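Engineer: Start from the sequences, fold in the hints, and give me the full structure.
These protein sequence lines map, in sequence, to chains V and P. Take the first sequence: its letter number 58 is residue 58 in UniProt numbering, and every next letter is one higher. Take the second sequence: its letter number 114 is residue 114 in UniProt numbering, and every next letter is one higher.
If you are wondering where the hints come from, they were derived from the structure by calculation, not from laboratory data. Just so you know, not all the hints are guaranteed correct.
Examples of chain V residues lying across from chain P (beta carbon under 8 Å, computed) [unchecked claim]:
#, residue
1, Thr34
2, Cys45
3, Pro86
4, Gln88
5, Val138
As the structure is a prediction and not an experimental result, all values here were calculated from the model. Ideal Cβ positions, reconstructed from N, Cα and C, are used throughout, including at glycine.
Chain by chain, the residues:
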Amino acid sequence: MPTYTFAVNGRTVTVDAPADMPLLWVLRDRLGVTGPKYGCGIDVCKACTSHLDGEAINPCVVAVSEAAGREVTTIEGLADGDVLHPVQEAWLEQDVAQCGYCQPGQIMAAVALLRKTANPTDAEIDAIQNVCRCGTYVRIREAIKRAAAKM
Amino acid sequence: MGDPTASTTELTGGAVGRRRFLTFLVAAPTLTLATTNLVPEEAAAAEAGLPGLPQPADIMDLGDVLILAGTPTAHLLTLEVTEDGEAHFELPRAEVGQGITTAVAMLVAEELDLPLAKVRVRLADARPELLMNQLTGGSNTIRSVYGPVRRTAAAARARLVAAAGVRWDLAPGRLVTRDGAVVAPDGRTATYGSLTSLAATLPLPGLTAKPKPESEHTLVGTPTSRIDARAMVTGAMRYTLDLDVAGARPTMVRRPPTINGTVRSVNNETEVRAMPGVIDLAVVPTGVAVMAETFGQALDAKDALDVTWNGGTVDSLSDADIRKRLRAAALPFAVPPLLTLHVDAEFDFAFVSHAPLETNCAIADVREDRAEIWAGLKSAIVAKQTIAAAIGLPEDRVTVHVRQSGGSFGRRLFFDGALEAAQISKAMAKPVKLMWSRIDDMRHGRARPATHHKIRATYALGRVLTYEHRVAAVETDLRHGLGEILTATAASLPVAGNLSFAQTVFLTTVKVPYDFGVVTELLNEVPLKMHTASWRSVYSANTRGAEEILVDELAKKMGKDPVAFRRTFLKTDRQRRVLDKVAAEGDWGRAMPAGFAQGVGFHDEYKSCTACLVEIDARDPDEPRVVRAVIAADVGRPINPRGLEAQLLGGLTDAISTTLRAGLHIDRGLPLEGSYSQFHYARQKDSPLDVRIFIMPAGGEPGGAGELGVPAAVGAIANAYARATGIRPRSFPINFDVDFTPFPR
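Structural biologist: And the structure:
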């Protein structure tokens, strides 16, 4: 089986895995990184949203081979120790989460958006596809705007 | 578990009247208390005093029924004060996102004068001794635990004060509590942690304690952030499948091409067993289970299986057949339309998936002589009993851990995932970590049943004379312990005759909030062997939603403005204040551009009421968007207004989804929809840009709130759509084309 070496949240890891194994299962089942969630497996719900070299990806449809030599960041790697990322802070201030299951993906999607656009418009926020079945969208929008103001 | 030393607490007033309670010490090194009832229950029905002709739900709603059933065991709620000064409370309910652990922590912190951060709320394992007091549903958690939690904490505080009094040789009456400590008049303080051992051993037979007067609450009633929010935003929150249970490997099930189909033969077992990562394979009642090293490999293996299937239970049924059966099942009206002015309308609602984001899942470790289960379970006791029977173990050999889970909306009333995991674990003789695929979750999971509604209202001289609503619904499965509860409380129920459980639930949850003369609402069910379950607000989303549409049409016929009409016919000033609030804050009647309109809806359930005003942009009737919403709610006594707002926001989003676009098409025995790309639950782009929520000031006991938000918003959205487009919506969701290629069966 091929071997892939890459960084996860600043830690270098090497895994034996078939080239096409989705990164989501490498993270969750091999490495015990459980922040990214399964919600559909086909890049629809976006609950697993994480970053590959800083860009938003959905590990449920990204093969492990694509991560080789690169930097994967999941929700667990967003804060700097106990110091939360401004987006996480904004999420707390707006008390966004209900069941919380989609929120790691929502936060990672928001961080990626804010990296591209310091002050996203409503239309840009509308373009975020992540499903929140609890219906927290209004608070997500407020939290993104709040984080944008902080950053 | 009791100790001879006991103290009493009293609670006066409230929905269930004046009672006395006895608090027991639980044998433990630190202060651990439980509280019991001394006085037999009076039925809440005795206190009904509503003017006019009340409907059953006015007299005693489903929440009252659940409280009544749970009261004999309400004392088994336990609270421990630890040596590091924390309060640990074990909540026999399921947290699925509704915020009950935060609200309960607030109640404990308030009563103990302890910082909220020092209160830990853990979900209790299934505890059969609680009998009917471990069901999470009917918007009932806060209603049912508000009194018992406060009484238990009040007794704990009294004991801690008494312990400090003994230590300092001071009368307890001279001591106060503050910030997790007892404070003497001279300024000496003793932390709860330093007192708990003494408090656990003091004989205090005469001790009495009362919960604080609500007027002295400083935390309860103030907007408070969730106690678990940080874990959620850092990825530290552990849902069921994030647990590391020794030896439990990823497992998935290949399911039949139609609902309830069964395995006839597995035709390529050898090949699949040889696939990468595959560990084991077993045929179970629901399909073929595959265990692998990773979920990715289990998914590949289950997809590679070649299975010959036996038929299911509804193979010949599609939406058109179901709709025909529902129309035939709707009971006739009593009032003929010939002699009076009247409004008639019929409505259809599609099946709707619960679709919680965390799919059905469980961990099970079944051994020869014992079993251990982890899952999100709203009916934990029935789950435990059923699983024990299914795997042939005595109940007390089965431990069922209730895990906080990723949404429910009624779904986790059923424990099919936990049961299936146990069956697989037994068949494979290995611990299993079971996950359903999204496609399976949507197609073989549970759904809100399709319904058909006929409504007729007659009127004359500005008055509504009669109002009849006939609901025909595919049977809602209530076999998660509710039947036992209704049987146990039968003598107190405000309904008579040989009603089904479903009809009883219908009549104790649905009521018309308006003075509409002679009112009858009747449910008739069509039993189909499909996987259904209560969906947030059970019958009310459709039944009351349809009624709110009819109210607008009735107002129009009678020449009245929708808000003015509702104001006239609502039964109470409390209801009118909520309606007035949204009309004022939402600037009801303001001029709107073509294609835009306002709509209003009202709903009253479980001792709470709410109004919703929305503005819709329906310039393209096929792509409408709710752009603004104003909601007001009176829940009697808000514990955490911030959490309540979240619940109302969720109800609004549910209503936007199910009214405009989200539903399931049934096609030859299976839903066509298999993911969120097909089941159109709202996304950010469907959500309003501006939502304002107003929680009315406290004025009584807590009412139910978890489901409250849906029905009024359904009515408001449909009414806004009708006003914006001139199209009177009759079938929901309004835009429901099959705009996708279904996944293979």
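Engineer: Now tell me, hint by hint, if it's right for this structure.
Structural biologist: Hints versus structure:
1. Thr34: Check passed: Cβ of Thr34 of chain V comes within 4 Å of chain P, closer than 8 Å.
2. Cys45: holds, 5 Å
3. Pro86: This hint is violated: Pro86 of chain V lies away from chain P, its Cβ roughly 12 Å from the closest one there, beyond 8 Å.
4. Gln88: OK, holds: Gln88 of chain V within 8 Å of chain P, min 4 Å.
5. Val138: This interface hint holds because 5 Å falls under the 8 Å limit.
The earlier numbered hint that this structure contradicts is number 3, and it is the only one.
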